[in-house]
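K.L.:
As given, the protein sequences belong to chains E and L, one line each in that order.
Just so you know, UniProt numbering puts the end of the first sequence at 141, numbered straight through with nothing missing.
Just so you know, UniProt numbering puts the end of the second sequence at 682, numbered straight through with nothing missing.
By construction, these hints were calculated from the structure, which means they are not laboratory data.
In this text, all values refer to a predicted model and were calculated from it rather than measured experimentally.
Fair warning: there could be bad hints in the mix.
Taking lysine-lysine and the DSS-like style, the derived pairs with C-alpha atoms no more than 27 Å apart in a straight line are [as the list claims (entries may be wrong)]:
{"no.": "1", "chain 1": "E", "residue 1": "Lys139", "chain 2": "L", "residue 2": "Lys511"}
{"no.": "2", "chain 1": "E", "residue 1": "Lys113", "chain 2": "L", "residue 2": "Lys511"}
{"no.": "3", "chain 1": "E", "residue 1": "Lys79", "chain 2": "L", "residue 2": "Lys511"}
{"no.": "4", "chain 1": "E", "residue 1": "Lys40", "chain 2": "L", "residue 2": "Lys511"}
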Amino acid sequence: MVNYTRYYLLLLCLLCASIPMLGYAEANLEINSPAISNIKQRMQSRHSELVEYYNSGAIGLTQDGMVMVRDANAVSLAKRQHVNSLVSAENQDRNALYREIARANNHPEWESKIRSTFGERWINLARSGWWYQAGGRWKQK
Amino acid sequence: MSQYCSSGLRNRPITVISLILIACVLMLCASTAFSRFAMVLDDIKHPAFEMKTVLLHFVSGSDETGEIEIVIGEFKAQDYIWKNIRLSCSDFQYGRTTMQCEKGYVRIPEFIAFPVALHVFFDAQTLIIKGFPAKNESWEVALEWNNTSWQGIVTIHNISLDSIAKWFPDQEKTPIPGNGRVSGNVSFSGDGVDLRSAAMDLSVEELAFSDRDGLHAGENINLSLKGGINRTPHQSRWHWHGDVYWQQGEVFWQPIYMVGSDHYLNLQGIFDGETIRLMESTVKLNGLGIFHFTGIFNLLRKQLSTFELKADGVRLAALYEQLLQPFLRNTALAEIQLTGNVDWLVRMEDGVVQSLQIDLDEVNIEDARNRFAFHRINAHIPWLFEGATVADISILSGHVLSIPLGAVRVPLELNQFDIFLPQVTLPVLDGHLKLENFGAKYTEDGWRWKFNGGLSPISMEALTSALQTQPMRGTLSGYIPEVSFDGNTVSVNGVLQLSVFDGSVVMHNLKLIEPMGLAPHLMTDIAMRNLDLELLTGTFSFGKVEGRVDIDVLNLELANWVPVHFDAHLFSSPGSYSRRISQAAIENISALGGKGAVAAIQRSFLRFFEEFRYAEIGWRCKLRLDICYMGGIDSESESRYTLIQGGGIPAITVIGYNREVGWQELISRLQRITSENEPIIQ
Numbered sequence: 001m002v003n004y005t006r007y008y009l010l011l012l013c014l015l016c017a018s019i020p021m022l023g024y025a026e027a028n029l030e031i032n033s034p035a036i037s038n039i040k041q042r043m044q045s046r047h048s049e050l051v052e053y054y055n056s057g058a059i060g061l062t063q064d065g066m067v068m069v070r071d072a073n074a075v076s077l078a079k080r081q082h083v084n085s086l087v088s089a090e091n092q093d094r095n096a097l098y099r100e101i102a103r104a105n106n107h108p109e110w111e112s113k114i115r116s117t118f119g120e121r122w123i124n125l126a127r128s129g130w131w132y133q134a135g136g137r138w139k140q141k
Numbered sequence: 001m002s003q004y005c006s007s008g009l010r011n012r013p014i015t016v017i018s019l020i021l022i023a024c025v026l027m028l029c030a031s032t033a034f035s036r037f038a039m040v041l042d043d044i045k046h047p048a049f050e051m052k053t054v055l056l057h058f059v060s061g062s063d064e065t066g067e068i069e070i071v072i073g074e075f076k077a078q079d080y081i082w083k084n085i086r087l088s089c090s091d092f093q094y095g096r097t098t099m100q101c102e103k104g105y106v107r108i109p110e111f112i113a114f115p116v117a118l119h120v121f122f123d124a125q126t127l128i129i130k131g132f133p134a135k136n137e138s139w140e141v142a143l144e145w146n147n148t149s150w151q152g153i154v155t156i157h158n159i160s161l162d163s164i165a166k167w168f169p170d171q172e173k174t175p176i177p178g179n180g181r182v183s184g185n186v187s188f189s190g191d192g193v194d195l196r197s198a199a200m201d202l203s204v205e206e207l208a209f210s211d212r213d214g215l216h217a218g219e220n221i222n223l224s225l226k227g228g229i230n231r232t233p234h235q236s237r238w239h240w241h242g243d244v245y246w247q248q249g250e251v252f253w254q255p256i257y258m259v260g261s262d263h264y265l266n267l268q269g270i271f272d273g274e275t276i277r278l279m280e281s282t283v284k285l286n287g288l289g290i291f292h293f294t295g296i297f298n299l300l301r302k303q304l305s306t307f308e309l310k311a312d313g314v315r316l317a318a319l320y321e322q323l324l325q326p327f328l329r330n331t332a333l334a335e336i337q338l339t340g341n342v343d344w345l346v347r348m349e350d351g352v353v354q355s356l357q358i359d360l361d362e363v364n365i366e367d368a369r370n371r372f373a374f375h376r377i378n379a380h381i382p383w384l385f386e387g388a389t390v391a392d393i394s395i396l397s398g399h400v401l402s403i404p405l406g407a408v409r410v411p412l413e414l415n416q417f418d419i420f421l422p423q424v425t426l427p428v429l430d431g432h433l434k435l436e437n438f439g440a441k442y443t444e445d446g447w448r449w450k451f452n453g454g455l456s457p458i459s460m461e462a463l464t465s466a467l468q469t470q471p472m473r474g475t476l477s478g479y480i481p482e483v484s485f486d487g488n489t490v491s492v493n494g495v496l497q498l499s500v501f502d503g504s505v506v507m508h509n510l511k512l513i514e515p516m517g518l519a520p521h522l523m524t525d526i527a528m529r530n531l532d533l534e535l536l537t538g539t540f541s542f543g544k545v546e547g548r549v550d551i552d553v554l555n556l557e558l559a560n561w562v563p564v565h566f567d568a569h570l571f572s573s574p575g576s577y578s579r580r581i582s583q584a585a586i587e588n589i590s591a592l593g594g595k596g597a598v599a600a601i602q603r604s605f606l607r608f609f610e611e612f613r614y615a616e617i618g619w620r621c622k623l624r625l626d627i628c629y630m631g632g633i634d635s636e637s638e639s640r641y642t643l644i645q646g647g648g649i650p651a652i653t654v655i656g657y658n659r660e661v662g663w664q665e666l667i668s669r670l671q672r673i674t675s676e677n678e679p680i681i682q
């Protein structure tokens, strides 16, 4: 069985390790704070649930570092509301994560840059078969 | 021998029935004279439809039989266009009193192709058309007429609804049937060209539908549809009614998911050609309650000109779970538990809510994350789009961020989207929070509010117990200047003054960003003056220290209620007072700095005295990225710094050497010291 937690941690580590490639060396994406830790923990515990829907193509990654319902038909009717809730909670956490990293860097105005960097990295590190948005259209890795 | 006729019928209302009959009569007449007959109608126009190039072809056989074929080049109704519609009959029989076709066939390319049968009884003035779209599927139209009136019935048996999907416009957002079967009948009657009444009784089984994105979809739905419409004699008004029973199945209509469980919709009203009037209609959602509504829909303006929705005793738990929660995802009410009942009455005019009345009955609200709870809420909340009202809200108890609140009754003044509360006193623990001039306003960016007030003495023991933190003694009280919320941040415009440990606390520049968000940020500068060290250290079981201190905490920032940044400076208050420190306190100060962090005088010397005198105490901490950069009385840059400057007899001076210590480590050491109630000797 795939260890999703390990995979998720790897994703986060790779994201953070990509700091030198960001083009604005001042930003420390690895920076930690109690708020960032809390958000990461919540995202980590949610990820194992999201993987099922990434795999089925029900949800995909957007360029601005968010998650979006791509094809609700891939989910049973009874679970569509749950998927919506998951996506909504994940996006709230992602928004908060980008904001907190910018704040922890003492540069709240970097939020959008951090968001787009994360967005790019999430897509690069997505598994084969997952869906992502490019130029406003869905593509499969 | 053959004969061709051509006819152009423009802008004349011709019903389908009369067209068929005219064609039949023409063919019957022609068949007596010719073995072949063909007729082309170039163009037929009607307000409801348009046909082009209609070809009728008849070949006469023996003994009043023959073959007939009708081809419609193009049929247009609304936005629908079908081409090359073909109706054929290979065993057409006709006589003086009857005309029939048992082996007919109808074909619309890419849409339908199935057998049909036709019977016309001229004496009985009856027309019967049967269709057999698929195996075990059939429909029948039976029509009777006399000189002045007519009546008919359409009987449907087990017709598959997925075939209807082809008739829907191919639009992304339109839910299309994908499965399901319908049975039942539709009856109608009329006079001349006018419909007099119609009724239907249909059952739909295993219905499934979906739009392309699956955001509006249903599966395995069983419905019962009943309805009727009757024209008022000598008037152009129609009385109509309809009943829908949703017996089973599930529907996801973004963002709501509902399971069919004997839900019921009853609609009735009057239609006068320009408006549809809804009268005394109800919807019953099983487990939720019954909703009554009336309204008027203006067809010309395509707008609800009036609408009224009334509900009594609706169970809030079910209402929240089934309908409200999906709309509250990004709010503080995203994860709550609700109990109790609600009544409401909403009146709308021209799409705008004119009045609203909400009554809450024994309602309890509890946040799943335990940030707040309010119990036994009873409220009467009237609201007018134009005009002022007063809402009466009472709450028996509750808590906000674990701080218990007592019973309160709030008379809220409502004026459109403004809320005003002149004064209310809210019991908080053993004291009171007095709110004055509370004003809230709803804007495009959400709610904004402000108030001022005061806090009458609250026992610190009760407060710290409620917050489950280190027990403290003393009282907390203060003046609260204007506090405002701009949709994102709570700001204190002025200074917040509190009294604690027999001293004063003044908070400047207090801001709380996203108070109910995932990571609230609190920022402020704090100046504490003349705190009684004996009360303070006694509270923390730190070891007795007599004296008074001032503490400045500048640029304090808490993220998720945990400090992430500050510049703190603790120093002896000016003035004359007893300055003594116990041996235990000195040992604990030493322990706080870590092993080798502090050098006092020889331990052997310490043993002779329980207390020492000091001249001055000083401690500094700059918190940066979880590291506390420490200093003492002076902001000297040497490796050593003075924490306690001795003075008098016996005196003691405490020197610190460790400049950096992890914040978490410092906190856990402090917690160990204070919880064990014993000094740590390293």
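K.L.:
State for each hint whether it applies.
P.N.:
Hint-by-hint comparison with the structure:
no.: 1; hint: E:Lys139 to L:Lys511; result: violated (44 Å)
no.: 2; hint: E:Lys113 to L:Lys511; result: holds (26 Å)
no.: 3; hint: E:Lys79 to L:Lys511; result: violated (40 Å)
no.: 4; hint: E:Lys40 to L:Lys511; result: holds (25 Å)
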